[in-house]
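Spelled out, the chains give:
4 protein chains.
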Amino acid sequence: MITVLKPNTTDEQRDHLIHWLEGQKVQVHISQGDQYTILGLVGDTTHIDIELLESLEIVQSVKRVSEPFKKCNRKFHPEDSVIDCGGVPIGGGHFAVIAGPCSVESRDQIVGIAQSVKASGAKLLRGGAFKPRTSPYDFQGLHADGLALLSEAKKVTGLPIVSELMDIRDLDIFEDVDVIQIGARNMQNFELLKSIGRTNKTILLKRGLANTLKELLMSAEYIMAGGNENIILCERGIRTYETYTRNTLDLSCVPVLHELTHLPVVVDPSHATGHSNLVPSMVLAAAAAGADGIMVEVHNDPIHALCDGAQSLTPAQFDDVMKRMEKVLEAVRQ
Amino acid sequence: MITVLKPNTTDEQRDHLIHWLEGQKVQVHISQGDQYTILGLVGDTTHIDIELLESLEIVQSVKRVSEPFKKCNRKFHPEDSVIDCGGVPIGGGHFAVIAGPCSVESRDQIVGIAQSVKASGAKLLRGGAFKPRTSPYDFQGLHADGLALLSEAKKVTGLPIVSELMDIRDLDIFEDVDVIQIGARNMQNFELLKSIGRTNKTILLKRGLANTLKELLMSAEYIMAGGNENIILCERGIRTYETYTRNTLDLSCVPVLHELTHLPVVVDPSHATGHSNLVPSMVLAAAAAGADGIMVEVHNDPIHALCDGAQSLTPAQFDDVMKRMEKVLEAVRQ
Amino acid sequence: MITVLKPNTTDEQRDHLIHWLEGQKVQVHISQGDQYTILGLVGDTTHIDIELLESLEIVQSVKRVSEPFKKCNRKFHPEDSVIDCGGVPIGGGHFAVIAGPCSVESRDQIVGIAQSVKASGAKLLRGGAFKPRTSPYDFQGLHADGLALLSEAKKVTGLPIVSELMDIRDLDIFEDVDVIQIGARNMQNFELLKSIGRTNKTILLKRGLANTLKELLMSAEYIMAGGNENIILCERGIRTYETYTRNTLDLSCVPVLHELTHLPVVVDPSHATGHSNLVPSMVLAAAAAGADGIMVEVHNDPIHALCDGAQSLTPAQFDDVMKRMEKVLEAVRQ
Amino acid sequence: MITVLKPNTTDEQRDHLIHWLEGQKVQVHISQGDQYTILGLVGDTTHIDIELLESLEIVQSVKRVSEPFKKCNRKFHPEDSVIDCGGVPIGGGHFAVIAGPCSVESRDQIVGIAQSVKASGAKLLRGGAFKPRTSPYDFQGLHADGLALLSEAKKVTGLPIVSELMDIRDLDIFEDVDVIQIGARNMQNFELLKSIGRTNKTILLKRGLANTLKELLMSAEYIMAGGNENIILCERGIRTYETYTRNTLDLSCVPVLHELTHLPVVVDPSHATGHSNLVPSMVLAAAAAGADGIMVEVHNDPIHALCDGAQSLTPAQFDDVMKRMEKVLEAVRQ
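Those protein sequences? They're chains A, B, C and D, same order as listed.
All the letters of the first sequence, read from the start, carry residue numbers 1 to 334 under the numbering used here.
All the letters of the second sequence, read from the start, carry residue numbers 1001 to 1334 under the numbering used here.
All the letters of the third sequence, read from the start, carry residue numbers 2001 to 2334 under the numbering used here.
All the letters of the fourth sequence, read from the start, carry residue numbers 3001 to 3334 under the numbering used here.
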């Protein structure tokens, strides 16, 4: 961490600050210029409050040199992590498609979709049993019954299952769920992150609606700090001023995250765009951008879907885009 | 809700849609123009998936006529709600200042600040015992010990206390807390909202970092739907592209919320700006804008504060701004 | 346009409004429901001030049914426009790469880069002679000399040239420029748009830093309203809260724009990301998303570039990404 | 400017970079730590391309220590600038209200409004003759005729006049205009800024829709670099994801700008909110926040206004808010 002092700082003020910094167990290197003084802080600076430091009268500016995340940092773990998802690997060259309906609605629906997406090449089945809805009056999911139906679809098709957990008190009934999704709205629900950090479940961590990539990595760090390193990151669109699409899919986050972290990155174009007609081109673009996987909503009857039907592909549309995506993957792998 | 059909819709398609809508228990009024057909949907349309409707081939556009929030809607409750905060009323002409440190650190600190802010005119004491921090390596609060120290400060000064709850499993130890704060990052933690909706505690609900005012009201609706109508809304700055301030304080939300809802609105300029030197003018502006209260961070020793010292006022600065604010309140009340 | 009146509107108020609307030469169709009255406005509603209408006491809400853009609207021109760029077609299945340095610096530089990018498959040469810089103290371009050097590179290589016009008073010296670029900061410089709308030059119109797709189309409409329909749209990243990339590339705008307009859409990943290491994956993603072309910065010596060197590819990097992009194009075309 | 080198940089690489930097006429001070090397750059660093520097292989990060703006920087000009607006001073304790219609429509309209706002205490008259409209089909203003009508209103009332210039070729007909407004969409129309920088007209520079405060100051710097230092800055709302208000009024920019620059800051709540019912509370808030003036839209007949009627106050509403604002100004001055 580097701290620049203002030109008119007295020696006494400077020494007072250095004393305070050393009290926080960092070493301070002084570089005296003719205009300003630079303090280089060496050691574990993760505890230093950068905003407090910046607010001091004598401080011109402060800059963190090293990233505040450690366990997910590629610097300390240069190889890609390969994350096991109920037998399906994601990351490190292993690409996988997660598909299924927004919500689990019935046995026929979920088993039918599972068989269909498997036939088209999906490797994991998604389906929501607990749904975060903006309105308390909207359908909130089938809860335990939904999870039981997902398990049945898993038994029939062999596809591992992905489902969202919203309340740690429900953890027990997620035993058969292979990948626990933490939704965008809970990305900074730190108590939930700490709790799942003490489990050994594979976690799909979605980027919050208006969170930076560094915040996403710090949330992954919360889980990893508890001992659980089985994390897949997921980009699902960010909130901007543009209203034509539900959110703005930030595809450049794929190469950025691959640079910053060893964790795999999956892209969800369904929630990002909110319109099924925009999903296919964003699936192809995500594959071309180097994503480690795709998560897509598929519904056999989007018009009757209880939730988010507008963004679901039909099984036929999904099958078509899977074939085209496969060609793109071949093209970028060569 | 109004649905506009595309010009080339056939009668059969139109009737099929109407049949589907009526199956969702709304009445449909048809207005046939020479260019387009307008369907007026009457009845309880809160369950209709507006995005699904919009995605249909034959639908040009859909518009909700009535707001999706009910219990917090001023239309159905024209008078201002006055919320009791441990004996201190907020709303409906009752203005109150909530002040205190970001985090509770020690008995001396919290009791000293409580006495000091009370002397300057604060009506409630705030202090964090559970702190949502972006990094798992940052100070997370004193937890139960912090709440005990807050209670002691309350006993000494008589000030009711405000503190943030992050995990519903901690509810029991918040018994002596008069106002439970739900932080910005948990504004859409719907499970937490549902749980506190079943209590009778007064809730200070902070607007999320990137949430619209309608989403804020829908989150209030989650709490009220459970039976708890003791809610104070709090604006604390939203995330924008501007980086000079930590967030952008959206003061125009005060008159907007007063129009949409009967719930009181409090403004927190400390978190919004992130810099103590910007806080005083934003306190005055919030008072002039018609806020029902202000929440400000005050610390006797900002430079040593364990959290967010950069944005805290000293007791002397707080005393000064309180005097100036009092004059502004008089000016706008006349 | 649809206007919904509030439940308590009197007949007299309603008739007064209808009279006023009819005075603006639109026909009004009334649909009386039991709760609210809907006015359907038919005819040329482009002149109606939607915000004024919304602000009236008796009006609940207003919704525009048809888009406010006409000449660039795909509804009235279903086939893709193919735009001629000095002999190179773009749009309607014709894909082209525009490459070159941010700024023209010298004869050797621009001719050398032109030869190099042509060898790698670029179809047009870009180079800035007038540079919009945030600071008045930064390099502003070689102006007329820069354009002369571009012409020379065109003569040597045969590549048509693309360069930015910032001031209509400079139009004369752009005679030999095949495609005039209107930069992001001038997207709503309406006087400039009107002026170039009266020329017959091909225009590359960049989306503004914080402009919606509808605003981009309205700016195209400004040019087309003057008679010039030779327009190519360009996505170059939008401003969001994320700071890791310079801007956020909004790739989903490609399928959205293809739906709304017949004009071709080109993607500029260099300005969007601001980092050369992120450019290749965004080139591939843009090609996969269905863009009609790519605009990329290439510099033979990025470290000495007078402007934006950070985001330029070297000729070798460009050659490599061109080969990979070609494969992606083949994959998505099949 | 401070440049931090990566831990594994060789001495040769470091010396190569220093040589390059010295070639750009800055002195380089080396501070060798055990982990990283810090280069302190002293001298005129305004020409150094910070993004290029950051993109180099061996560079960890770069930080500018001094602001890139000079002439508008408060550091080099500690006293408030007082700007003359046709005889009315703004800044340095001189507060003034600018009021009038969005567009000049007729002699009766503009003279009538001028007399009315003068009676209520306005010090300057605003009125648009050239209107930047998103659509080419919307009313674009009366142009020269509008300016002539403004002059007449000035003659009758003695109020100096403020009007927007969109095209430098129109400068001649602005001779009688006391304050030239540069609109939000032209804040980075650098050629226009340079041209008006060579005049001696007073300029009201509006912040762009999505521009940072630093960019606003850099645009002021463009004008000042040409010799014209008569500049008033104007906050008029920024673009965010919130849709309830047209834009989000960033009132915290008032204390921020007062800290960074000596130029006065005026607030326009009419364009920011877009709804006349929100304007009064934002006028009071801006006055309380320490603004040097307010710019408000007033129209004698908002329902028939040709442009932006939705956000205009009636003369009676304006008179009322002026009285309340006066009391707030007294309160904050004490």
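Among the hints, a few may not be true.
Okay, derived cross-link-like pairs now, DSS-like style, lysine-lysine, Cα gap no bigger than 25 Å in a straight line [unchecked claim]:
no., chain 1, residue 1, chain 2, residue 2
1, A, 6, D, 3327
2, B, 1323, D, 3323
3, C, 2071, B, 1214
4, C, 2155, B, 1006
5, A, 6, D, 3323
6, B, 1006, C, 2063
7, B, 1323, D, 3063
8, B, 1075, C, 2071
9, D, 3063, A, 75
10, B, 1063, C, 2006
Far from chain D by the CB rule (all over 10 Å, computed), these chain C residues [to be verified]:
no., residue
11, 2055
12, 2068
13, 2118
14, 2133
15, 2151
16, 2152
17, 2186
18, 2324
DEER-style ranges, computed between Cβ atoms [to be verified]:
no., chain 1, residue 1, chain 2, residue 2, range
19, B, 1314, D, 3316, 40 to 48 Å
20, B, 1152, D, 3079, 29 to 37 Å
21, C, 2022, D, 3143, 52 to 60 Å
22, D, 3043, B, 1152, 52 to 60 Å
The set of hints was computed from the structure by calculation and includes no laboratory data.
Positions of the beta carbon are idealized from the N, C-alpha and C atoms, including for glycine.
Taking the hints in turn, this is what the structure says about them:
1. 6(A) / 3327(D): Distance of about 39 Å is beyond 25 Å: violated.
2. 1323(B) / 3323(D): Holds: residue 1323(B) and residue 3323(D) sit about 22 Å apart, inside 25 Å.
3. 2071(C) / 1214(B): Between residue 2071(C) and residue 1214(B) the Cα gap is close to 36 Å, so the pair fails against 25 Å, i.e. violated.
4. 2155(C) / 1006(B): violated, 52 Å
5. 6(A) / 3323(D): Violated, at roughly 44 Å.
6. 1006(B) / 2063(C): Measuring from Cα to Cα gives roughly 15 Å; hence the hint holds.
7. 1323(B) / 3063(D): This hinted pair is violated, its Cα atoms lying about 40 Å apart.
8. 1075(B) / 2071(C): At roughly 43 Å apart (the allowed maximum being 25 Å), residue 2071(C) and residue 1075(B) break the hint.
9. 3063(D) / 75(A): Judged against 25 Å, a Cα distance of about 22 Å means the pair holds.
10. 1063(B) / 2006(C): holds, 15 Å
11. 2055: Nearest chain D Cβ is 4 Å from residue 2055(C), so the label is violated.
12. 2068: violated, 5 Å
13. 2118: holds, 25 Å
14. 2133: About 7 Å separates residue 2133(C) from the closest Cβ of chain D, which leaves it inside 10 Å; violated.
15. 2151: The claim holds: residue 2151(C) sits with its nearest Cβ about 22 Å from chain D, beyond 10 Å.
16. 2152: holds, 25 Å
17. 2186: violated, 6 Å
18. 2324: At about 21 Å from chain D, residue 2324(C) clears the 10 Å cut-off, so the statement holds.
19. 1314(B) / 3316(D): 40 to 48 Å: Roughly 44 Å apart at Cβ, these two residues keep to the hinted range, so it holds.
20. 1152(B) / 3079(D): 29 to 37 Å: Check failed, 49 Å falls outside 29 to 37 Å.
21. 2022(C) / 3143(D): 52 to 60 Å: violated, 29 Å
22. 3043(D) / 1152(B): 52 to 60 Å: Hint holds: Cβ distance 57 Å, inside 52 to 60 Å.
Violation of the numbered hints given earlier is confined to hints 1, 3, 4, 5, 7, 8, 11, 12, 14, 17, 20, 21; the remaining hints are satisfied by the structure.
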